[in-house]
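J.: These protein sequences, in sequence, are chains A and B.
Per the working numbering, residue -13 is the first one in the first sequence, and the count goes up by one each step.
Per the working numbering, residue 53 is the first one in the second sequence, and the count goes up by one each step.
Bear in mind the hints are in silico, worked out from the structure with no lab data behind them.
Certain hints may be false.
[Stated by the list, open to error] Cut-off 27 Å, straight-line C-alpha distance, at most; resulting in silico cross-link-like pairs (DSSO-like, lysine-lysine):
| id | chain 1 | residue 1 | chain 2 | residue 2 |
| --- | --- | --- | --- | --- |
| 1 | B | Lys74 | A | Lys89 |
| 2 | A | Lys89 | B | Lys61 |
| 3 | A | Lys89 | B | Lys105 |
Letter by letter, the chains look like this.
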Amino acid sequence: AQKVTQAQTEISVVEKEDVTLDCVYETRDTTYYLFWYKQPPSGELVFLIRRNSFDEQNEISGRYSWNFQKSTSSFNFTITASQVVDSAVYFCALTRLTGTASKLTFGTGTRLQVTL
Amino acid sequence: DTEVTQTPKHLVMGMTNKKSLKCEQHMGHRAMYWYKQKAKKPPELMFVYSYEKLSINESVPSRFSPECPNSSLLNLHLHALQPEDSALYLCASSPGPWVGGYTFGSGTRLTVV
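If we strip away everything but chain B, and leave its shape as in the complex, we get:
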């Protein structure tokens, strides 16, 4: 299995909703990442998990809450989002935190209404 699987593919949520994005990989990778990509912009790093511990938080607002329950799974919990948070959320993994070779999922397209 050489894939990173993200669910759901599309999500529409209200500003008062709570939802979660899920990311899964079975390649034995020990680093996992969340990126946010606005339309016509490059992906921007949000969080890095290394060996299931949060290594990097790029000053992301607390309405985004990451969680890494095990080495294969990465969640992004969403609460009280704003319309400007609408974007494509991409998950990625790599063999280790210091080794390049990132595999990206196909993303969750989030719309906040």
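Next up, chain A with everything else stripped away, as it sits in the complex:
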């Protein structure tokens, strides 16, 4: 069975602080994709990153960076110098490839509150 665990339910930081959102996953598949999505109060899910199971290279995109470690089944997300606009719920998700389609399993989400 697939499972994504985001142990941090809520995090509050002051603007300009760095913050790391943790994600731990479980899967028996050898081929899979991991994702991070941002969901602001308006409700839409905004794609941030996709990483496949064979690519353990860390990635940096502006203030965002991701640390994928297959050995610990973790895919953590760091925001450097956080801003108020980063306030949202962040979901880590895992794709399972079935015989006919792919299924996206989400973690329970981490609510990030950035204050001035």
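Assemble chain B onto chain A, guided by the hints.
T.: Okay, now just chain B, sitting in the frame of chain A:
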């Protein structure tokens, strides 16, 4: 066009009503999805359409009836819903059924009264 468009954005319906949610994409994606998201919960998969055929039904009650008239359009027909069906309904698409890279719409916020 890199968007998934969902209409309506908000819907209030009675338990005896019949209504439909609509989802449209023009990115040439061949897989489309319906997710349901209750407040303070993650999205949960309901249905997957792959090349306009229903591939996955996650044991969704029959009062939810999906339809994929063509590769760009996905509908969700609603009938005899219960108040507990009130939720945000999200549509998504991806280039193919086995390729990640999902694009989500902004959702329809449904309230059943």
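J.: If a hint holds in the structure, say so; if it doesn't, say that too.
T.: Results of checking the hints against the structure:
{"no.": "1", "hint": "Lys74(B) - Lys89(A)", "verdict": "holds, 21 Å"}
{"no.": "2", "hint": "Lys89(A) - Lys61(B)", "verdict": "holds, 25 Å"}
{"no.": "3", "hint": "Lys89(A) - Lys105(B)", "verdict": "holds, 15 Å"}
In this structure, every one of the numbered hints holds.
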